[in-house]
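Peer 1: Here is what each chain is made of, one letter per residue.
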Amino acid sequence: MSHDTTTETSGSLLKSITRSPLILPLVGLVIVSIAMGFASDNFFSLDNILNILRQQSIIGILAIGMTFVILTGGIDLSVGAVMALAGTIGAGIMVNMGMPAEIGLLGMIAVGVLFGLFNGFLTAWGKMPAIIVTLATMLIARGLGLVYSGGYPISGMPGWISWFGVGRLGGIPVPIIIMLVLYALAWVILQRTSFGRHVYAIGGNETAAHLSGVNVKRVKLMVFAISGFTAAMAAIVLSGRLMSGQPGAGVAFELDAIAMVVLGGAAISGGRGLILGTLIGAVLLGIINNGLNLIGINPYLQDVIKGLIILLAIYISRERR
Amino acid sequence: MSHDTTTETSGSLLKSITRSPLILPLVGLVIVSIAMGFASDNFFSLDNILNILRQQSIIGILAIGMTFVILTGGIDLSVGAVMALAGTIGAGIMVNMGMPAEIGLLGMIAVGVLFGLFNGFLTAWGKMPAIIVTLATMLIARGLGLVYSGGYPISGMPGWISWFGVGRLGGIPVPIIIMLVLYALAWVILQRTSFGRHVYAIGGNETAAHLSGVNVKRVKLMVFAISGFTAAMAAIVLSGRLMSGQPGAGVAFELDAIAMVVLGGAAISGGRGLILGTLIGAVLLGIINNGLNLIGINPYLQDVIKGLIILLAIYISRERR
Amino acid sequence: QDSAPDGPPKIGMTFQEMNNPYFVSMREALMEAAKTIGSEVVVTDAGHDVAKQISDVEDMLQQDIDILLLNPTDSAGIESAVRMAKDRGVIVVAVDANANGPVDSFVGSKNRDAGYMSCKYLGEALNGEGEVAILDGIPVVPILQRVEGCKAALDEFDGITLVDTQNGRQDRSVALGVTENMIQAHPNLAGIFSVNDGGAMGALAAIQGSGKDIKLTSVDGAPEAVDAIANGGPFIETTAQFPRDQVRVGLGMALAQYWGAQVVPSEIPIDVRVVDSENAEDFAW
Amino acid sequence: MLQMTDIRKSFGPIEVLHGVDLEVRAGEVHALLGENGAGKSTMMKILCGIVSADQGSIRIDGKQHDFSHYDEAIAAGIGIVFQEFSLIPYLTAVENIFLAREMTTRLGLLDRKAMRRRAADVLGRLGVDVPLDRPIADLSVAQQQFVEIAKALALDARILVLDEPTATLTPGEVEHLFAVMRELRQQGVAIVFISHHLEEIFEICDRITVLRDGEYVGTRETAGIGIDELIEMMVGRRLEASFPEKPRAQPDAEVVVDARTVQLRKNGPVSRFQLRRGEILGFAGLVGSGRTETALSLLGAYPAAKVDASINGVDKAPASPSEALARGIGLLPESRKEQGLITSFSILQNISLNNYGKYETLKLFIDLKSELDHTRKAMKAVRVKAPSAHAACDTLSGGNQQKVVIARWLNHDTPILIFDEPTRGIDVGAKAEIYQLMRDLTADGYAIIMISSELPEVIGMADRVCVFRSGAIVATLEAGDITSEKIMTQATTGELNYVA
Ligand SMILES: Nc1ncnc2c1ncn2[C@@H]1O[C@H](COP(=O)(O)OP(=O)(O)OP(=O)(O)O)[C@@H](O)[C@H]1O
Ligand SMILES: Nc1ncnc2c1ncn2[C@@H]1O[C@H](COP(=O)(O)OP(=O)(O)OP(=O)(O)O)[C@@H](O)[C@H]1O
Ligand SMILES: [Mg+2]
Ligand SMILES: [Mg+2]
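Chains as they are written, first to last, in our numbering: chain A, 1 to 321; chain B, 1001 to 1321; chain C, 2001 to 2285; chain D, 3001 to 3500.
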């Protein structure tokens, strides 16, 4: 963070990247890409690159909110379940209640943000540890989605919803555009607003931030609300991809999102990390998944290799922590 | 912690309980029990109580190791996967390799302890955050179990293995006895040995513990090894209950184990918590699961209610953190 | 598709899960069959996550597969992957569970029948009376259909009451605990229907642990379940599906099209068969 | 200008302020004095809304205020430098100075240029050179302290509170700070100044308010009061001369630590020194001169480039504090809360933390009774004031916490002790006790390294003094050479040695 800001004041974005904590995640990205490129001919095709980005868009979007929460020193285990709940209720609004699809989309956002606020409220005002709060709300969100839908997926959304999942704008898949826009927005918030500074400050030293007059509770509330919001945005893309509300979707997505954040160089204890790092982490994880699939590795072994790569990546970048 | 030792030195166990941090978890236990008793006639039968304890024995055993790790300020997400891996390899030793069952059981313990040591080594010497290390080793253990077994459960263990799962000793189911013995052992280690004090010290203030000569790395290594050991003990009980090695068993068990630890009043940030609290937490969670089943609540709703009860319990005991 | 292409087709198959002997044996049969025609096969495991399954299909399309055998974890959710594959001219055959969208063929068990047959068997074994419970599973269409079929069969017995439905998540250890609780909650429980053999094995352990006389039926025909049935005891029946045959038939349909067949059946239901102590000895997937 | 009347505050059942008054005029520097735990910091936290008073009123310019958040106090013109660090380690100086009151452009985005300019301006006024764009964690303690001060100054407060700002500053740096304070006083700012250095009080303050155990003792003009009277107000009794008498030098006493080479950084300067049984070896130097790092290197707790030392006859430097412990060397760290105490532990648990060997039956189980006996003995030896051995450590005052950490080492019978800033933030009464304790220990054959930034303390206590500059020892002074002139000369111009 500080590195970033340092250099940015004095130079270009490029310069900031080469000297910043992003360098290690980037190097990892390059190495893994080259390895995969050797192992599979198709890897470096534009088509496959867009394919990877599109695949990662959903968890990549979840990882944005996760980055905010982790930067404050918290964690949000509920994102996958909240995404599923938002998608299910949104689909229910469109299909079962017969309302216009726009209302359904708004409903998704409302569900995401409300759950985020609930998490934030319990963490900040309830003074309960985020890991436990969001573990409980994960159960709650998951259960509510299943209760609401009776366990069945809800399909029958208007066709245009698929635009969010499979549409293209100027040749680029819409999910990728949504993801990149959200990352850009997150970058502005984290690097160019006082709220962003406060996010970093709380993760760096909560007591000090409080003593300096940072409204710690409000910031915590906000980061969880942002996480709920990005869960809702992920739900919209997911709806576009699945054309249905899936109450069982997103199991263990929170773990992938966390992995992206830390692969991107953020400290799990908070205070350090860049949103661009998370984007790199998301792409890195996408390449690993895609590459292992392309090479045709036994699916069981893929998890083992993924685990080892995560360990290696964290080990290499651990000096900075 | 301090409360406990304080009173214990000067008085009886009973006295220590009434004045200790255990009081809140106990009150929770009593309230939930009474509620369940009203809702279901069968609840208070001896049979059902043994039933609850037996069901909780597996995760209850996992929660012992989890308590050690959490007390040092760490976390172990790999316990469920390590348990499955240990059980699968142990079954493989007995069935596929045709070795004596005793070797299979030793194999389970070896797998558990080795994985624990691996976790501990990466955390202590690798200086990597436990949550990420064990997230990665969870993937690795899970994948290895599936690779080893090809995805099939391995059945055909010698019949006497079922003693660990369904046998009885003096009328009490063996899994319960194993669990209680392990809890007693853990109590002695935590409350009556210097190793136990060091566990608490590291969770309380790692730097101070290090500077005053506590061998922080070794203690961390040990707590993860203990967690691996209890995962192996859980695998033994599981094998006895299922009479097979199940590579897919124990998904999300780590979350229940964490819930037990914090329901028992331990601080997720380390340094505070009692092993007896975890036992109470295990029973509490068992009662919730069992009671909701007995009452016949819609299974989807059960998760919601479980989540709400966890939130409530943590909220009530939060003042102590 | 006018003329037969040269060389063996590249085959991709995506499974909803592979942590289940049912799909593992399906995969084995596929591998054997592909070997005989010299085809390269790519297999992926969605782990019950449709979003991942779509990604898996996308990855396989990157590898220019010719045939996609699809075992969808959710029929509606997988539609966009079906369309993508069709857009690329890939032959798509759904196996075990159907998929929405323009699939060329669907080969699958009659799941509703399976549930119906198991519960009919259970009801008859109980002489048409007593308390029965259902051990449910993951909320996907085939499982939901089995439950439907089961309920329909139970309705035919006036003396049978369905007293409980709990979710064992098709996981042996979870099913074990859930069944123990069901037995506690309903001391007069006489029968249990489990939606699959994985859950049934857990339920069996619980029944044996309780020492009660509770009859158990299930669906799948997994080796362990068949063994248990052959040995006698509470587990009296499983309605077997034929995973190997499903994939063989599915591949056959796809190959037919690949070689130029214009008309293939859009749906090939594979029968299910009652396996009980009478015929268990001789049964195997 | 500021009137706080009849302030009462309890933490739990314990009342720590029993109706305290404080009145500060515009354009004066007002000292708030009292022993550790007298309630000074709590008073100031109440003033700025961080802690809420149970009773009492705060008036500013005659207007009643009741702040519930620091922001409200800032809006009313109050600025404070906290005793505890309130900086974010990973943010830069600029980011820290403007934390929670960032300047923004019309678009609502950060105006980073303006903040940088203003930060450079404020730090310039303090006459210090602080890199603006490096994370605070990379700066020296003194630089951090100045950022802390700049943070309060940047508020343009009318009432400025400085809670022990000088504890980590050198005399020269203190002078810079005083110059700024005088300038502010000229401009009519009211300043509350808290310090345990009485000479600073007499230099800068116009009036003094004294607290004792949460009671208001009185307010005096500085001009009309002597140092003895002031101390009597603070402690309620007269104190004997604060440094115990030094014993005769024993140059042939056994060498317990022979540090032949300590090189902190690769290609950096090299130190060598010896520590003898029965002596107090002072480590003097400016803040950041490497004293703590050298001490930690000796314990294996700092990754120095090279350490070659024999300790207690073992000719190999320990690789970790636990190894050091086995060699018989222990550390009283400079920051009690962060490095010394396990605050969630009781006194007993803290004291026995690293020496269970003593109490274990069967080499395994703790003998609780023996543990309690030993703890009580150690507590008595250092005179810890606490309700019982089982009291929680976070309820103790700073001085008592320090004694608990000392007791830990006494209990362990570790013959070599490193005391890093043993009296930092400790009141006069407790200071005298700790000095006496150190002397008693050396008389018993202990060897002590004392790191201290307070020259009088070094001169009064040390038998020999190693002076540090830029990471290494530049001179070792003995007996009559231990004067403030010689120490300061070496600390600023001493010659560095680059070869072992
Ligand atoms: N948050 C708190 N909870 C409980 N007790 C507290 C708290 N803060 C301060 N105290 C107690 O209040 C008393 C006054 O503390 P305070 O920090 O105001 O003293 P001080 O005069 O600033 O001392 P020092 O010179 O050591 O800084 C002490 O006994 C302290 O232990
Ligand atoms: N090369 C360097 N890069 C960054 N920081 C440095 C460097 N050299 C010294 N420092 C800082 O200067 C300080 C030197 O430390 P040390 O604590 O050993 O000094 P000291 O003389 O004991 O001062 P103190 O009174 O603070 O204890 C450390 O805080 C360290 O962060
Ligand atoms: Mg103070
Ligand atoms: Mg120092």
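Calculated from the structure, these hints are not laboratory results. Note that the structure is a prediction, hence the values are computed from the model and not measured. Keep in mind that the hints are not guaranteed to be accurate.
Restricting the straight-line Cα-Cα distance to at most 27 Å, the calculated cross-link-like pairs of lysine-lysine (BS3-like) are [stated by the list, open to error]:
#, chain 1, residue 1, chain 2, residue 2
1, A, LYS217, D, LYS3369
2, B, LYS1217, D, LYS3306
3, B, LYS1127, B, LYS1217
4, D, LYS3337, B, LYS1217
5, B, LYS1127, D, LYS3369
6, D, LYS3363, D, LYS3377
7, D, LYS3316, D, LYS3306
8, B, LYS1306, A, LYS127
9, D, LYS3337, D, LYS3266
10, B, LYS1217, D, LYS3385
11, B, LYS1127, D, LYS3306
12, D, LYS3377, B, LYS1217
13, D, LYS3316, D, LYS3358
14, D, LYS3358, D, LYS3369
15, D, LYS3337, D, LYS3363
16, C, LYS2110, C, LYS2212
17, D, LYS3266, B, LYS1127
18, D, LYS3337, A, LYS127
19, C, LYS2151, C, LYS2212
20, A, LYS306, B, LYS1306
21, D, LYS3337, D, LYS3358
Covered stretches of chain D, as calculated for chain A (at least 3 residues, CB under 8 Å) [as the list claims (entries may be wrong)]:
#, stretch
22, 3065 to 3075
23, 3099 to 3105
24, 3206 to 3220
So these bits of chain B aren't anywhere near chain C, every CB distance computed over 12 Å [unchecked claim]:
#, residue
25, LEU1029
26, ILE1049
27, MET1099
28, PRO1100
29, ILE1103
30, VAL1113
31, LEU1117
32, GLY1145
33, LEU1146
34, GLY1170
35, TYR1183
36, ARG1192
37, PHE1195
38, GLU1206
39, ALA1252
40, ILE1305
No residue lacks a Cβ here, since even glycine has one placed at the ideal position from N, Cα and C.
Peer 1: Next, verify each hint and record whether it holds.
Peer 2: Quick rundown of the hints versus the structure:
no., hint, result
1, A:LYS217 - D:LYS3369, "violated, 45 Å"
2, B:LYS1217 - D:LYS3306, "holds, 23 Å"
3, B:LYS1127 - B:LYS1217, "holds, 9 Å"
4, D:LYS3337 - B:LYS1217, "holds, 21 Å"
5, B:LYS1127 - D:LYS3369, "violated, 37 Å"
6, D:LYS3363 - D:LYS3377, "holds, 22 Å"
7, D:LYS3316 - D:LYS3306, "holds, 12 Å"
8, B:LYS1306 - A:LYS127, "holds, 20 Å"
9, D:LYS3337 - D:LYS3266, "violated, 31 Å"
10, B:LYS1217 - D:LYS3385, "violated, 34 Å"
11, B:LYS1127 - D:LYS3306, "holds, 23 Å"
12, D:LYS3377 - B:LYS1217, "violated, 31 Å"
13, D:LYS3316 - D:LYS3358, "holds, 26 Å"
14, D:LYS3358 - D:LYS3369, "holds, 12 Å"
15, D:LYS3337 - D:LYS3363, "violated, 31 Å"
16, C:LYS2110 - C:LYS2212, "violated, 32 Å"
17, D:LYS3266 - B:LYS1127, "holds, 23 Å"
18, D:LYS3337 - A:LYS127, "holds, 22 Å"
19, C:LYS2151 - C:LYS2212, "holds, 24 Å"
20, A:LYS306 - B:LYS1306, "violated, 32 Å"
21, D:LYS3337 - D:LYS3358, "holds, 26 Å"
22, 3065 to 3075, "holds (count 4)"
23, 3099 to 3105, "holds (count 5)"
24, 3206 to 3220, "violated (count 0)"
25, LEU1029, "holds, 18 Å"
26, ILE1049, "violated, 10 Å"
27, MET1099, "holds, 21 Å"
28, PRO1100, "holds, 23 Å"
29, ILE1103, "holds, 23 Å"
30, VAL1113, "holds, 22 Å"
31, LEU1117, "holds, 26 Å"
32, GLY1145, "violated, 9 Å"
33, LEU1146, "violated, 6 Å"
34, GLY1170, "holds, 17 Å"
35, TYR1183, "holds, 20 Å"
36, ARG1192, "holds, 33 Å"
37, PHE1195, "holds, 32 Å"
38, GLU1206, "holds, 36 Å"
39, ALA1252, "violated, 10 Å"
40, ILE1305, "holds, 14 Å"
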